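**Q** Sequence:
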Amino acid sequence: MSQQRNHRSDSIGSRVIRILLIFLVILVAVAAGAYAYLQMKLDAINRIPPPDQPVVYEPVASTPPMEVEGIEWSEANLVTGVEGVVNVLLVGQDSRDEERQRSDSMILLSVNKNSNELTMISFMRDLYVEIPGYGARKINAAYQFGGFDLLDQTLAENFGIVIDYNVEVDFSGFKDIVDALGGVEITLNADEVEYLAGGGNNYEDGVVGRYTHGRTYELEEGVNLLNGKAALDYARARHVGNADYERTQRQRNVIKSIFKKLKKSSWLKLLKVYDSVASNVTTDMTNNQILSVAFSAYTMGVDEINSYRIPANDMFYEANYAGSVLVVRDWEETRQLIKDYLYSDDGGKAAFAALEEAHGTQVNMD
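So that you can map any letter, position 71 of the sequence shown is 71 in the numbering used here, and since no number is skipped, the others follow by simple counting.
Treat each hint with caution, since some may be false.
Calculated cross-link-like contacts (lysine-lysine; reagent style DSS-like; alpha-carbon spacing at most 30 Å) [said to hold, decoys possible]: (1) 113 / 263; (2) 261 / 229; (3) 113 / 229.
Calculated directly from the structure, the hints in this document are not laboratory data.
Just so we're clear, the structure is a prediction, and the values are computed from it rather than from any experiment.
Full structure from sequences and hints, please.
**A** Here it is as structure tokens:
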């Protein structure tokens, strides 16, 4: 009798093991299929491979450098290889033709797994910097002259930070993301409402919606749900409020709102958003790097992204050197501020509070 019980026990145990093995095989197959599917999806993104060796840049004869007396360029103390921190530069471009243009917006998105903080820093496009091989110029020329590589070198040599990856999104892709999410919530002030309705500085010589291509919107002061076109016109607006200073803030406002919606979205919605924008994205990241950074940012449990701008108020002056430029007053002070934003335990909140105490409000340029 005991032998029969042992035989039955062995049979049951064998069946359990077989079931577990089949279940594991199925799990592995599903995981492999999902991974292959994601790889296929990510292959739709446009890629720029990193250079095999450092690129040597030669000045462009038609655009001589703007050398200015009275500005001293000091060498930056480079911060590189901080484990647990990934810096991704987001470059926005208004792609009207096939040629690479000046970068219309430059936002550094930092994923800091050490502090569990996500941080955005806008670099104003009129910042006056030294571009390797080209001399002193506006920073937005670096991308036009040498793409991701030269722009990364420019940021490193002027501000002491290293960019790990780059992503370019043209503005039509930006609009598609918002529409795929069903719109984003943005708080508008009275001047922005008037502007988006085709009034104020968005009206001239009988042309309604001059800077929004004739588009007008019925909105109200306070929180509004903006569709893709409205969000794009809001983010690009520099003829309302305080020109490009406030414009960079609007761009970060939209990114923060997109992030909040993405956090609440299902995987099916996320795939829909991805499908809407993949062809409008260009990057130097591999598929696995994209998955790693996206997974880290998505799973950190962060509800808000820290939002800053360089140069900070009262830490630069405007000058006219073959065009209006923004000149940093104290390079070391600005470099330290950026490092505090990126690498401190609180995502730069204490540094920002100290900045406002020393230099006044930083929300917009007064």
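**Q** Could you work out which of the previously given hints the structure breaks and list their numbers from low to high?
**A** 3
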